[in-house]
Amino acid sequence: MADFWQQVVAGLASGSIYASLALALVLIHRATGVINFAQGEMATFSTYIAWALTTNHGWSYWPAFAVTLLASFAGGVAIHQGIIRPNEKGSVLRVVIVTIGLLLALNGLVTLIWSGEVRAMQSPFPTRTIDIAGVAISIQDIGTIGVVLATVVALWALFQYTKVGLAMRAAAVNPAEARLVGVRVTWMLSLGWGLAAVLGAISGMLAAPSLFLDPNLMAALLIYAFAAAVLGGIDSPIGAVVGGLTLGVGLNLIGAYVDFVGADLRLPAALAVILVVLLVKPSGIFGKSEVKRV
Amino acid sequence: MSALLALDGVEARYGPVQALRGISLEVPEGAVVAVLGANGAGKTTTLRAVSGTVRRSGRIDFGGKPLRGGPEAVARAGIAHVPEGRGTFTELTVTENLKLGAYTRRERSLRADIDRVSRWFPWLPDRADQPAGTLSGGEQQMLAVARALMARPRLLMLDEPSLGLAPMIVREIFRIVRELNEKEGLTVLVVEQDARIALQSASSAYVLEVGKVAVAGSSDELRENESVRRSYLGY
Amino acid sequence: MRHSRALAPIAAFVGLAVIVAVLPSFVSAFRAQQLAYVGIYLTALIGLNILTGYTGQISLGHGAFMAIGGYTTAILMTEHGVKDLWTIPVAAVVTGVVGFLFGIPALRLSGLYLALATFAVAVSMPAVIKRFEGFTGGGGGLNLFGLPELTASLEPVTVLGQELTFNDWLYYLCWTVALVGYVIAWLMLRGRTGRALRAVRDSESAAQSSGVSLRSYKTLAFGVSAAYAGVAGSLFAIATTFVNPDTFPIALSILLLVGVVVGGLGSLVGLIAGAVFIQFLPIWSQQISKSPGAPAVVSGVVLIALMFVLPMGVAGLVARLRTLTKR
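Residue numbers (this note's numbering), protein chains in the order written: chain A, 1 to 294; chain B, 1001 to 1235; chain C, 2001 to 2327.
It should be emphasised that the hints constitute simulated quantities derived from the structure, not laboratory data.
In this text, a Cβ means the ideal position worked out from N, Cα and C, and glycines have one as well.
Everything hinted at is true.
Label pairs and their in silico Cβ distance ranges: (1) C:LEU2324 - A:GLY116: 44 to 50 Å; (2) C:LEU2321 - A:ILE285: 48 to 54 Å; (3) C:SER2289 - B:ARG1076: 44 to 50 Å; (4) A:THR127 - B:ARG1076: 52 to 58 Å; (5) C:ALA2251 - A:LEU149: 31 to 37 Å; (6) C:LEU2321 - A:GLY90: 18 to 24 Å; (7) C:GLY2081 - A:ALA136: 54 to 60 Å.
Using the sequences plus the hints, can you model the full thing?
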């Protein structure tokens, strides 16, 4: 039984990481209607920045964390303003290709700047475990869950209680009307991309200590994040969080207890989730069903 | 009274289609002016040209200064545009809609402003936390006007407020518009298909036809001229 | 049908066929092999073009269809001793059926959701192939090199009085298939089918109300485009003489979509440009800089730049040039 709870907590931790990245995908999709295939690579790039600051320049962890978030925010804004915005008026395909180009360029850039060697990334949390009711729970897992939770709450507060948050929501659901009340819609969308980049960076920095840092760190994570976002509803922030946690716990338990799946098929299991959800209820658990029966 | 808003030779097009072929009109400060005409005459496009929602050429002066830029800049200049179809944020609550109305203003006195606006629409506070989409058509139209008022605009532009609403509600809306104009001196430019009700509230009107001004004058003049009424106003 | 209008494209096509036929005499065997791959990608792109260009369904999973075709060929050759050429139509049918079946649930998805679903299929394909080891040879893959069933692999083959070594044979095989495939597609799309498919792309509701059976045409498009990809995969297996789960990675699916967009949806010139792009972009990027990671950066930047400069792809550029010269 103790093993079960350990799996659950570990699942919640990895689920938090999926949730953070999924939230980034949802933010961008809600605001700009784009699926950002480059979200994972953006997160990888951010994580490398954090690594470089702590390892190469000897910074201590939390200042490096903060600076990385700021840099990621700026990067996200810049990418939206410079690369995405000019292509928004084109077809869906055009934007897909642009994000794919971004994916390739960032992946290559990471290798170019820091080489493809696998690196170790320090964790801000001690690797001990603590004993809760007879179950050994890793502090790292608790810390991960805590950081993501705090981020989600902060984001929620931003959207619910601030003027900027309200403007962002308005810009996402109704850009034409938002302009009429004076909202600078394009900048609100860029803000969305900036926040998404921050979420991705958090995801990467939390994942790197256990998964090790290499240019392909986020590739698999991106798939899990897609699965979580689709499961929860691609336009629902709550869905992204719930979907991520559910996926994390679910995959852990299935991997541990169902022999056929084992470790190898975790990724296809996540993909199967995507497919099943898309076929049964494309709008996900929390999404609104589009009435588009053709 | 000087003109708060003046258009001179304004042209606008949607792709290859020329919607406005040189519109000139004036909205005096403190007046209610109506823009009338059949479907496709260019009424909505005129408002869009002012608010910068559509690209246009020609001169537009607001408060004596040239008006430039897109909708965001025009809103900051003090023009509130209530578009066709109300433009309420259906997914956001009534209060959130009102807060957005005051987006361009810097003061933090939102509570006071919401109270002020609620005096004109007393039922608003009861629906404060409801999503705007759950309101009826008439209520949404009034919410849209209330939202526009939150900005303390110098000019209120209304696009077809009667669209899809029952006559009683339309009369109520125009009554409120008249009172706003009389009691607060709000300048209003209203586009309407229903010429009769528009002329009851407006002091002057412009009748558009295929992108140009066909007839203009005070409401009394237009109403008393039978041939104008028959050919242009439909009654 | 105005015959004078049809004459120009037919003449151009014949001209192209002649160029293709004569080219190997002027280039090295290595180059011929590279051009053979261009022909393979062209076949896949013709199929993808039918799906994305005509019915507007985005697929990021055509690499998976290529995998099915490739493995069909490999399995038939290694375990059942079937001659390579005969495996090609089998691959087409198998993949076409799978594509058609996939097209049925795909009806419920649109735009980006479909892209995601196909993306998921393509990413999971290598792992699925590995899992069914007994059938597919698992991670070790299947080796076609040296098999007698592989034409021209052990000794040159004689075609139309000409003796062809492997690379040249490959070139002619791939390009014959590609050009024949193009003609078939052209015939299919000229008439009612083409109009119906275009109607689906431009406005689903309008198409439906004018009696076009949406479901049939969309699933048909999936099946047909998958069949083309299957044939391309089959040729790919023959060309590389080896398949394993990593022969058809997600990058291939992405490249195919990129090829179709860069080439521009529609014209043969565009599709050829797209196929050339897929084959040579990695090579050109390497030539610009060999530092690790640099080719990827170059490719990425080129892609982004192309979307700025040529949003309609090469075909769009050609169309614009054509309208300029007409004046």
